Amino acid sequence: MVDDDRPPPGSDDAGLAAQTRRTTAGLASTSLLLALAGPLSGCAPTSDTAPTSPPNAQAPDRDPPPDEEPPTRAAGDEGSPPKPDPADDTPVEGARPATWPEPLPWVLSPYPGGTEVVVSVAGDRHLRTVLGMAPVTEIASPWRDGLRAQGFVETAPCELDEATAQFSCTYRSAERLALLAIGPRTLDPKSETISVSLHLLPPGHRPLDTLPGRCVTPPTRERLVLVNSSGVDQSGEHHSSSRDWRVHTHATFDLDGDGVQDMLVPPKKAGGCPWDIPMDVYVMRGECGHRVGTITGNLESATITAPFVAGLRELSTEATWADFDEAPSGADDPPLTESAGDEDLARRRRHFIPSHHTRERVYRFDGTILRLVSDHDRVGQCHHCGASTCRPL
Numbered sequence: 002m003v004d005d006d007r008p009p010p011g012s013d014d015a016g017l018a019a020q021t022r023r024t025t026a027g028l029a030s031t032s033l034l035l036a037l038a039g040p041l042s043g044c045a046p047t048s049d050t051a052p053t054s055p056p057n058a059q060a061p062d063r064d065p066p067p068d069e070e071p072p073t074r075a076a077g078d079e080g081s082p083p084k085p086d087p088a089d090d091t092p093v094e095g096a097r098p099a100t101w102p103e104p105l106p107w108v109l110s111p112y113p114g115g116t117e118v119v120v121s122v123a124g125d126r127h128l129r130t131v132l133g134m135a136p137v138t139e140i141a142s143p144w145r146d147g148l149r150a151q152g153f154v155e156t157a158p159c160e161l162d163e164a165t166a167q168f169s170c171t172y173r174s175a176e177r178l179a180l181l182a183i184g185p186r187t188l189d190p191k192s193e194t195i196s197v198s199l200h201l202l203p204p205g206h207r208p209l210d211t212l213p214g215r216c217v218t219p220p221t222r223e224r225l226v227l228v229n230s231s232g233v234d235q236s237g238e239h240h241s242s243s244r245d246w247r248v249h250t251h252a253t254f255d256l257d258g259d260g261v262q263d264m265l266v267p268p269k270k271a272g273g274c275p276w277d278i279p280m281d282v283y284v285m286r287g288e289c290g291h292r293v294g295t296i297t298g299n300l301e302s303a304t305i306t307a308p309f310v311a312g313l314r315e316l317s318t319e320a321t322w323a324d325f326d327e328a329p330s331g332a333d334d335p336p337l338t339e340s341a342g343d344e345d346l347a348r349r350r351r352h353f354i355p356s357h358h359t360r361e362r363v364y365r366f367d368g369t370i371l372r373l374v375s376d377h378d379r380v381g382q383c384h385h386c387g388a389s390t391c392r393p394l
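Every position in the sequence shown, counted from 1, becomes a number in my numbering once 1 is added.
For the record, the hints were derived by calculation from the structure and aren't laboratory data.
Remember, it's a predicted structure, so these values are computed and weren't measured experimentally.
Certain hints may be false.
[As the list claims (entries may be wrong)] Quick list of the computed label-pair ranges, beta carbon to beta carbon: (1) GLY237 <-> ARG215: 56 to 64 Å; (2) LYS270 <-> PRO143: 45 to 53 Å; (3) ALA271 <-> ASP334: 47 to 55 Å; (4) LYS269 <-> ALA175: 20 to 28 Å; (5) GLU103 <-> ARG244: 25 to 33 Å.
[Unchecked claim] Here are the simulated EDC-like pairs of lysine to aspartate or glutamate, each with C-alpha atoms no more than 16 Å apart in a straight line: (6) LYS191 <-> GLU223; (7) LYS269 <-> GLU288; (8) LYS270 <-> GLU327.
The C-beta atom is built at its ideal place from N, Cα and C for all residues, glycine as well.
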């Protein structure tokens, strides 16, 4: 790996792609994968072997003997349809599966294998699916009908950004807020797929009435960093590359559950490489926002349905890079100790074998500020990783 292609905090690739990343490890959220491909697609398994009769099946009716008259029907029985067998529980094609969580609307998807539903410990219902490209209003129509059938009403007219083909609606029922977002899966205008996100927030959740500090307009800032990477591939050839990273003010996930994306802002200085640059977190209230703390690393998509702590979601971040430092950098990790007999460590240093780092942090709001509660760096040997160095532009 010569150049880590993961977008850093604030990069252009870090917006909605981070939201759709599924990282449920370490958080208690249950993923309901739709294993109901038969009811969804209308297909059923077939067999070349004819089914056998059940043990208690009755023999077929025989024609009465010539000297017997057929039994007479009771009055009014002529033409009556046969009564359904109570034991027949075959699902009706296209019907709502019994395991589909309420109050999530049921909409038949043309690609059921690409649909995922997350039911979080906090009570969220979050659906993601990928469909073939079509007009967003056409795709949105059955979801909007389904939400209305579940008792949701639009809190404001739905919005369509014609330039980006992004469509969004906000709904509310007596207990829940529901957010519908539809748009091209990639930023490429020629994208052949479109993504659908429907998020029902936990029942009874209400955003915080008051937040710490003044409500101010988040600063608009931009940092440019040159990242140089070099390494040896599996063929033994040396490669190097350079890439400019843009770290800037941008919208992120809805952290307080009010249906509005919040903001991340890089500082004027601090942090050398993109994965080391901290980001100030602003919880938005209209055009202004309250600064509630600072985080480092890419926000993981698990944050979208993480539990609320003192009114804000628990925030999980991840930063990855490669260098020649074997020591973990996490605050919760002990420093690497080198013993006189550590031949493997000496060999790695002698041959300059890169180390791959995955640093994971967790932040929780205490009602006043976000606090770092967990910080671990997993370090592994990576012969073909590209070790990186950074300098500001």
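Hints, verified against the model:
1. GLY237 <-> ARG215: 56 to 64 Å: Distance hint for GLY237, ARG215 holds at roughly 58 Å.
2. LYS270 <-> PRO143: 45 to 53 Å: Once the Cβ atoms are compared, 50 Å apart, the range 45 to 53 Å for PRO143 and LYS270 holds.
3. ALA271 <-> ASP334: 47 to 55 Å: Once the Cβ atoms are compared, 22 Å apart, the range 47 to 55 Å for ASP334 and ALA271 is violated.
4. LYS269 <-> ALA175: 20 to 28 Å: About 46 Å separates the Cβ atoms of LYS269 and ALA175, which means 20 to 28 Å is violated.
5. GLU103 <-> ARG244: 25 to 33 Å: 47 Å, violated
6. LYS191 <-> GLU223: 28 Å, violated
7. LYS269 <-> GLU288: Judged against 16 Å, a Cα distance of about 22 Å means the pair is violated.
8. LYS270 <-> GLU327: At roughly 27 Å apart (the allowed maximum being 16 Å), GLU327 and LYS270 break the hint.
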